[in-house]
Amino acid sequence: MMSNIYSVKVDHGVTTTWKFFLSEIKPKGKLLTPFNIISIPIILLGLGIIVIRFWKGLGSVTNLTQEVPWGLWIGFDVVTGVAFAGGAYVICFMVYILNMQKYHSIVRITVLNGFLAYVFYAGALLLDLGRPWNVINPIIGNNFGTSSVLFLVAWHFLLYMIAQLIEFSPAIAEWLGARRAHKILSGMTIAAVIFGITLSILHQSGLGALFLMAKEKIHPLWYSEFIPLLFLVSSIFAGLSMIIFEGSISHKVFFSQISEKNHLAHKSIMHGLSKICTGTLFAYFFLQLLVFIHGKHWNMINSPYGYWFLFEMTGFVLMPMFLYFIGYRKNNILMIRIAAIITMLGVILNRLNVTVIGFRWYDHIRYVPSWMEIVVTLAVIFTEIWVFRWVINRMPVLRESPIWVKKINN
Amino acid sequence: MSLDRRKFFKVLGVTGITLAIGKEAGANQAIVSETEFSGVLFDAVRCKGCHGCEYDCADANNLPDPSESILKAEKTGMKRKTDESRRTVVNGYQTSKGEVFLKTQCMHCNEPACAAACLTQAMYKTKEGPVTWRTEKCMGCRYCMVSCPFDIPKFEYHSPNPKIQKCTMCYDRLKTGELPACVANCPNDALMFGKRRELIKEARKRIYEKPEIYVDQIYGEHEAGGTDWLYLSPVPFNELLLKTTIQNSSYPQLTKGFLYSVPSVFVLVPALLLGIQKATANIHKISESDDE
Ligand code: SF4
Ligand code: SF4
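So the sequence lines, in the order shown, correspond to chains Z and G. Going letter by letter, the first sequence gives residues 1 to 410 in the numbering used here. Going letter by letter, the second sequence gives residues 1 to 292 in the numbering used here.
Treat the hints with caution; some may be incorrect.
Distance windows between CB atoms, simulated [unchecked claim]:
id : chain 1 : residue 1 : chain 2 : residue 2 : range
1  : Z       : P220      : G       : D83       : 23 to 33 Å
2  : G       : D59       : Z       : A283      : 51 to 61 Å
3  : G       : T244      : Z       : S303      : 16 to 26 Å
4  : Z       : I403      : G       : A281      : 17 to 27 Å
5  : Z       : W390      : G       : N62       : 44 to 54 Å
6  : G       : K81       : Z       : P304      : 20 to 30 Å
7  : G       : K163      : Z       : Q257      : 47 to 57 Å
8  : G       : Q253      : Z       : F54       : 34 to 44 Å
9  : G       : N62       : Z       : T17       : 55 to 65 Å
10 : Z       : R329      : G       : N238      : 48 to 58 Å
11 : G       : E68       : Z       : P304      : 35 to 45 Å
12 : Z       : K261      : G       : A281      : 17 to 27 Å
13 : Z       : P41       : G       : K79       : 42 to 52 Å
14 : Z       : I374      : G       : K163      : 20 to 30 Å
Straight-line distance between alpha carbons at most 25 Å, and here's what the computed DSS-like set of lysine-lysine pairs gives [to be verified]:
id : chain 1 : residue 1 : chain 2 : residue 2
15 : G       : K195      : G       : K205
16 : G       : K243      : Z       : K296
17 : G       : K210      : G       : K48
18 : G       : K137      : G       : K127
19 : Z       : K215      : G       : K81
20 : G       : K163      : G       : K127
21 : G       : K256      : G       : K127
22 : G       : K163      : G       : K81
23 : Z       : K56       : G       : K137
24 : Z       : K267      : Z       : K102
25 : G       : K278      : Z       : K183
26 : G       : K163      : Z       : K56
27 : G       : K256      : Z       : K296
28 : G       : K278      : Z       : K102
29 : Z       : K215      : G       : K256
30 : G       : K243      : Z       : K215
31 : Z       : K406      : G       : K278
32 : G       : K175      : G       : K195
33 : G       : K97       : G       : K210
If you're looking for bench data, these hints aren't it; they were derived computationally from the structure. Glycine residues also receive a C-beta, built at the ideal position from the N, C-alpha and C atoms.
Next comes chain Z alone, as it looks inside the complex:
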C-alpha cells in the first residue's frame, strides 16, 4: 500500500504531493492507546507551563536559585539526554569505520533516535535560556566567546545535528521516493559519519568540561580534572544501553515492520552489544578508581556523600557490568536487558550527581526540581517518542528499503 503512494507521488503535480503530506501527517493506528492517554495530557500541560515560563520568567515555573542556576532541564534533559544519544556515534563507528556489518540493521533507528534526542534534549536548552532570542549571537558570529566550553558544545550540537540528519537522510529520500537525492545523500554518509564521530568525542567530553570551572562547588568525589574523559567513556555504554533498551521495546511495538532476517539478528546484536558494554563499564570503573586514588579522597568515604558515591559505583557500575557479563556468557537476553536498565539509571545518577546533587553540596537549602520542571521534562520526552513513532511508521527505518534502492545501488 505504501509503495502505491510513492509511485503516484513522484510523477504527479503539486496537488498529489500535498495530498501525500496531508495523509502522512495523520496519525496511523489507534488513538486511544495507554501511551497516548498518558502522554497527551502531559504534553499539553507541559506546553501550558512553557507559555507561563516565557511570559513570567524562569522563576515562575522552576525552583532555580541564584546559587543553583542550572537544574533539571540542564542536568537531566541536556547533559543526560545527550549521553544517551551517544549510541549513534558508537554504532556508526562500528558499522561504517570498523565495517561490522552485523550491526547494520540498527544503524538507522539508532541515528534517528540520536538525532531526535539532540533536537529535543539539546532543544530543551532553549527553554532554559533566559534570553533565547540572543541564541543566534554565538552562531552568526557577531560575538564568538571562543574561550567558552559552552560555545564549543553549542556549536558541536548544531553541527552534529546536521551530520546526523545527513546520515539519516537516505531514509527520508526513500520515503519521498526521491531517487536522485537518495544517491547524492548516500554518498555523503561516510563524510558525515567521520565528522559526526569527531564532534561527538568532543562534545560528549565537553559536557563534562563545562563543570571544570565550578571546582569548589562540586563535591570532590565527583569533581576531578578527568570529568571530560569520564563523561566520554560513560557515553559509550550509556548510548549502547539505550539502544538495547529502546531496541527491545521497538522490537515488540513495531514487530510487524521488522523483517524475518532482522528478527533473527536481534538476539545476536544484543549479545554483541552486551560484550562491548561489559568492557567499557570495566574501563570506566577502572578510570573512576584511578581518579579516586589520584584525588586521595579516602577520608571522604566515611560520610553520607561517601556512601552515596559507593552506592553509585557498586550498584550502578560494578553490578550492571557483572550482569552484562553473565548475560553475555549465558547468552541471556533478559539479563542483558536488566543490565541495560540499571546502567541507564546509573548514568542518570552520575550526571545528576555532578550537575545537581553534588553541586553546592555544602548548602543547607537544596535545590529540588519543581513539579513543573518535571512535567516539562516528561513532555519533552513524550513528544520525542511521538515524533519517533511517527517517523518509524512512515519511513523505512526498521523495515527494509524499497526495492528501487537496491536496484540503484547495483
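Model the placement of chain G with the ligands on the given structure of chain Z, informed by the hints.
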C-alpha cells in the same frame, strides 16, 4: 560510497580555523592582563558599616532602595547576599576583634571565570579592568553563574526579559572620568580607587605601618589568579566568611587543557577514522571473496 576527500578536508580546515582564532583570542586576553588594570582597595579596618555605598550603588544603577532589607537584617542579624536587586552588600561579623564589616561585590578578577564561560562575550573583561555585562549579547544561559568562584552574577528569574546583575565597577562612570559611586561617596575612606599595582603598594604600606592592626595578607592579590578588588582586614579573612577555598591560580586555566586539545582532535581523529575505514573495507572485501 566514495568520499570527496578534498571537500572533506576543506570543511575540516574551516572548522580548524574557527578554533585557531579562538586560541588567538585567548592569547590576546592574556597579554591584556599584563597591562595595568584599575581596581578598588577595601579596608575593613576603616569601614564603619554605614551601608552608604549600598545606597550610592542603587542610585547609580537604578536599583531599588536597599533600606528595607538593611533594617530587616539589622533586626534579625541575618547576613545579606547580593542578588538581582542589589549589586553590593555590607555585612557585620562578630570576630576576635569585635564587629568588623565587609563589603561584597564582584571581585573583577584579572582572568575572570565568568568571561571565559560566556559564549557570547556578554561578560567581558575590559582593558581598563572592570568586568562588564552587555545586555544585547547575553542569552541568559547562566553559565557565568555556574563558573564564578565568588557566586557574583545574579539572574532576574522573575522577568520575561531577564538581565544579569552584577557590579561593573561603574564602568560608564569611569569612562567619563568619575569614580565608582561607592568609592566616591564613602564617608570613612574605606574604599580607594586606583591602579591595581599602586593599590597593592598602598595596602602593603598600611600593613607595614600598623602591623598590630592588620593581618598580613591582601585578599585578592593571589586569589583566583589575582583580582582587581582587594581587601585589607584586621582579622583573618575566614572570620569574615570570605571564601578561603578559592584557588590561587586562575579559573579559566582549568578548562584550557580541554580547549587546547580540540584542534588536535579535529585533525587527528578524522585522519585516523579514515585510515581505519580504508583498512577494514579491504579486509571485508577479502573475506567476502574468500567466502565465494
Ligand atoms: S568575581 Fe565572578 S563575576 Fe566578578 S569577575 Fe570574578 S568571576 Fe566574574
Ligand atoms: S548568562 Fe549571559 S553573561 Fe552569563 S554566560 Fe550566559 S550569555 Fe554570558
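Hint by hint, here is what the structure shows:
no.	hint	result
1	P220(Z) <-> D83(G): 23 to 33 Å	holds, 28 Å
2	D59(G) <-> A283(Z): 51 to 61 Å	holds, 59 Å
3	T244(G) <-> S303(Z): 16 to 26 Å	holds, 21 Å
4	I403(Z) <-> A281(G): 17 to 27 Å	holds, 26 Å
5	W390(Z) <-> N62(G): 44 to 54 Å	holds, 50 Å
6	K81(G) <-> P304(Z): 20 to 30 Å	holds, 26 Å
7	K163(G) <-> Q257(Z): 47 to 57 Å	holds, 51 Å
8	Q253(G) <-> F54(Z): 34 to 44 Å	holds, 37 Å
9	N62(G) <-> T17(Z): 55 to 65 Å	holds, 56 Å
10	R329(Z) <-> N238(G): 48 to 58 Å	holds, 56 Å
11	E68(G) <-> P304(Z): 35 to 45 Å	holds, 38 Å
12	K261(Z) <-> A281(G): 17 to 27 Å	holds, 23 Å
13	P41(Z) <-> K79(G): 42 to 52 Å	holds, 45 Å
14	I374(Z) <-> K163(G): 20 to 30 Å	holds, 28 Å
15	K195(G) <-> K205(G)	holds, 15 Å
16	K243(G) <-> K296(Z)	holds, 23 Å
17	K210(G) <-> K48(G)	holds, 18 Å
18	K137(G) <-> K127(G)	holds, 18 Å
19	K215(Z) <-> K81(G)	holds, 21 Å
20	K163(G) <-> K127(G)	holds, 23 Å
21	K256(G) <-> K127(G)	holds, 21 Å
22	K163(G) <-> K81(G)	holds, 18 Å
23	K56(Z) <-> K137(G)	holds, 21 Å
24	K267(Z) <-> K102(Z)	holds, 11 Å
25	K278(G) <-> K183(Z)	holds, 21 Å
26	K163(G) <-> K56(Z)	holds, 14 Å
27	K256(G) <-> K296(Z)	holds, 24 Å
28	K278(G) <-> K102(Z)	holds, 18 Å
29	K215(Z) <-> K256(G)	holds, 14 Å
30	K243(G) <-> K215(Z)	holds, 13 Å
31	K406(Z) <-> K278(G)	holds, 23 Å
32	K175(G) <-> K195(G)	holds, 15 Å
33	K97(G) <-> K210(G)	holds, 15 Å
Going through the hint list in order, the structure satisfies each hint without exception.
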